[in-house]
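**Q** Residues per chain, in single letters:
Protein chains: 2
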Amino acid sequence: MIRSIQESPLYPIVNPKSIAFFGASNTFMRMGSIMLSSMQALGYEGEIYPIHLTEKEVRGRKAYTSVMDLPEVPDLAIIVLPTEIVCQTMDDCGKKGIKHAIVVSGGFREAGPEGVEMQKKLEAIALKYGIRFLGPNCLGVANPHIKLNPTPIQAEGPPGFVGLASQSGSFITQMFDYLHRHGMGFSAALSVGNEANIDIVDCMEYLGACPNTKVITLYIEGIARGKKFIETAKAITARKPIVALYVGGSEAGKNAGRSHTGSLSGPNEIYDGMFRQCGIIRAQTLTELFDYALALGTLPRPLGNRIIIQTHSGGPGATAADACGRAGLALPPLSSETLEKLKPLIPKTASTANPVDMTFSKNPAEDYFNIPDILLQEKNADMLLAYFLSPGLFIERILKEMDVPAESIHAEMDKLITQYASTFFSLTKLHPDKPIIGFTYRSLQERMVRFLLDQGVPIYQDPERAARSIAAVLEYHKMQDGITEAS
Amino acid sequence: MIRSIQESPLYPIVNPKSIAFFGASNTFMRMGSIMLSSMQALGYEGEIYPIHLTEKEVRGRKAYTSVMDLPEVPDLAIIVLPTEIVCQTMDDCGKKGIKHAIVVSGGFREAGPEGVEMQKKLEAIALKYGIRFLGPNCLGVANPHIKLNPTPIQAEGPPGFVGLASQSGSFITQMFDYLHRHGMGFSAALSVGNEANIDIVDCMEYLGACPNTKVITLYIEGIARGKKFIETAKAITARKPIVALYVGGSEAGKNAGRSHTGSLSGPNEIYDGMFRQCGIIRAQTLTELFDYALALGTLPRPLGNRIIIQTHSGGPGATAADACGRAGLALPPLSSETLEKLKPLIPKTASTANPVDMTFSKNPAEDYFNIPDILLQEKNADMLLAYFLSPGLFIERILKEMDVPAESIHAEMDKLITQYASTFFSLTKLHPDKPIIGFTYRSLQERMVRFLLDQGVPIYQDPERAARSIAAVLEYHKMQDGITEAS
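Sequence lines, in order, name chains W and X.
According to numbering that gives the first Met the number 0, the residues represented by the first sequence are 0 to 486, in order.
According to numbering that gives the first Met the number 0, the residues represented by the second sequence are 0 to 486, in order.
One or more hints might be untrue.
Because identical chains share one entry, a pair is satisfied inside a single copy or across any pair of copies.
The calculated DSSO-like cross-link candidates involving lysine-lysine, where the alpha carbons are at most 27 Å apart (straight line), are [unchecked claim]:
| # | residue 1 | residue 2 |
| --- | --- | --- |
| 1 | K94 | K127 |
| 2 | K378 | K428 |
| 3 | K146 | K16 |
| 4 | K347 | K120 |
| 5 | K61 | K399 |
| 6 | K55 | K399 |
| 7 | K227 | K477 |
| 8 | K119 | K347 |
| 9 | K399 | K146 |
| 10 | K146 | K239 |
| 11 | K119 | K95 |
| 12 | K119 | K226 |
| 13 | K399 | K428 |
| 14 | K213 | K226 |
| 15 | K61 | K95 |
Just so you know, these hints were derived from the structure itself, not from any lab.
Build out the structure end to end from the sequences listed, making use of the hints.
**A** In structure tokens, the structure reads:
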């Protein structure tokens, strides 16, 4: 295991100060040009040296005919060229003294016997010069913390805490928007492609040492270095959670993976055992992968599995209770102290069983502070799950009824909702040991929920997703204890 | 079983021409006022007669001191009054000759022994006058097809084909936005509350006969009339699908249901058996309930379980393959005829295994017509599942690169994307026997997907949700065959 992130061969690949870029031109509809344009759009601040045989300038930057002409030895080469000239280019990079590369080009192991030979040749060249590289047949890396995004799709949303090491490039380049909409962002994302030189284990090790990464997510079609994977994952999960989506376990998934990256998969049971052994949480879908990451990256360790559900609607409360029950969470009854404190704040028709169903708001401000505050003080419970309907729906109507001019309504609403959201958020500081989670059936982009997501309060679009994510957090800490005790 | 919708006691409740409204006033922050305001907002075109002891006018409409003073006998009474005066009001309605009512007021069976007595009294009064009523402790109905929404939350989105009968009022009033965002709308939604007079079986029967309803969804905390439920559901599922979310099967869900509507639940296994016996698809979550409804309400009956996955990204293709495999779908290889037809349209690096991974678009117009058209002609497959990334992402960048003025870019994009979406949609007409389903990890509100959702092409936010929804369609038809053969 590496002791610091700088020891990883990936450090200069994820944090380059200068890049030689092969394959970008002034014709936009080329993969290389599109990738360079993404990098420019995010505003990478290091040096970019386009290498081009004929162009003097590429996308506004001075271009060089050969890598040999560069004024310095760049930290990294990004190669987006036709398969046939990749090996020669790698050799040129080696001669220049470049030690790190990303080979985006495909047509290697995944493309049949000829490709296999080509890949061997590429590996030999790298070995000769001591070059460490990602790929081939990958989309490289994204490191939004240094505004680095040389992938074909523009980055959206701010950087975050989710590290991703993926055997699919799509999940590096196509998930910016998804993560942002769900309250997350990448700390760093690595696409490993054919793993000729650097594999998913190296990436996991890098993310384990990466200070921006609070939780590691893996997309796996097949693991080659099983023993090293287990050893590395074990060391990481003792202090940082890992969630893995493995698709090679079904016949259909196995075949898809084989034609995608040529990787070797194995039966679900073997992977399940391997994941369990090293404290990795398994996700069955991409939705679960990032749902679990959100909870693992934001919530404190719960002291137990006892949860209180706060709702103002019976049905959503009952679906949440059912989901929590199925996820192995317990719904304790409220203590008499808590009941006493709640009494003055809730309507007569409210239910103080768990779910606590306020039926309607006597005062919305209390729904977002006093009531959950009392529930979080409950000594018999470890967590709070709150249902969010949009307060905007009601506030807008009330303001209209009060004849507030249309143009002021939205500003007033925003102010009020932000105020409610801030007070709700303050509960996470008041009760730092008790996880607070939300669910809603409305869009996550409505102001109150969006505000809370941006502050790191996990809110899900179904109580099932919330309950399973909490269960993942409990499972992680349970496995962590087991691993820590054993080691 | 009723032979026409007019025979149902619910017909005048869901399709009233005139309503006596009890409990609305000029004070907005009262449940009755809020409900009347929702109804006014959607623009219900029938007569509304507010009844109020002191006000001469309520929310701009002439108010009446007593129901006896009304100029006609209204089709329906909606009662949103304090518990104590509900019985007297029902009696007044009876005297006036009103035959149908919705009792929104709570404080009956769900509220303990006194409430039980009060509910018995209410039932007796209704019986005496031959009044059929929904509730008490319910949110009544929504029928967006006649702009009727007397629930506390304003309706959003157009009417649709999803009928809902629910033991939670929240799911009537709080799901307009959810359904619209996911490409659906209510045909009619009924909240049954304590089911004192009309129960969920009556509602299911009504929806079975309702011509606007293509699929029936049920939210169940507990069924009282088991035998009648089975008999009615069996008759309906022979021609119309029913999906049920039952939350009373877990200990937590059972307790939540009891304090919500006082209903009696039973073990999961009993409900599972009951649902299977009458051809009802069971959903475990609200997300599944409406996911299945979308597929069941839009897709033709598949001829078999063989599906082709079309993607331009390996990872999303592999996750989709894995999800399809787990959902019991088969991924057949493409026939040589299909391979021959595809060849000129896809890049060399594309994979023509199933998933068909185009890797990138040679011509985006072909991704949305020629390629899926060829895949739909494949004789070895019954369905197509297509991955949608936002074409807008690329088109915007290309137009920018072409120096198209910023103000024209969005109009141009919209035009192009609508064109792609229309040609894709035309495939559903060209191949009416083969279900076409989509999935995306981006927002459903982006233009292309939104256009397709609005046309009735089901697109899901995860391939797992798509695969399971297809499996629900297959299961429905399989059960339907079994039931039809047996009867």
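**Q** Now tell me if each hint is right for this structure.
**A** Right, here's what the structure says about each hint:
| no. | hint | result |
| --- | --- | --- |
| 1 | K94 to K127 | within (10 Å within a copy, 99 Å between copies) |
| 2 | K378 to K428 | within (17 Å within a copy, 61 Å between copies) |
| 3 | K146 to K16 | within (12 Å within a copy, 62 Å between copies) |
| 4 | K347 to K120 | between (77 Å within a copy, 22 Å between copies) |
| 5 | K61 to K399 | between (59 Å within a copy, 21 Å between copies) |
| 6 | K55 to K399 | between (62 Å within a copy, 22 Å between copies) |
| 7 | K227 to K477 | within (23 Å within a copy, 47 Å between copies) |
| 8 | K119 to K347 | between (75 Å within a copy, 21 Å between copies) |
| 9 | K399 to K146 | between (44 Å within a copy, 21 Å between copies) |
| 10 | K146 to K239 | within (24 Å within a copy, 53 Å between copies) |
| 11 | K119 to K95 | within (21 Å within a copy, 91 Å between copies) |
| 12 | K119 to K226 | within (23 Å within a copy, 70 Å between copies) |
| 13 | K399 to K428 | neither (35 Å within a copy, 45 Å between copies) |
| 14 | K213 to K226 | within (24 Å within a copy, 54 Å between copies) |
| 15 | K61 to K95 | within (19 Å within a copy, 89 Å between copies) |
Checked against the numbered hints listed earlier, the structure breaks hint 13 alone; every other hint is satisfied.
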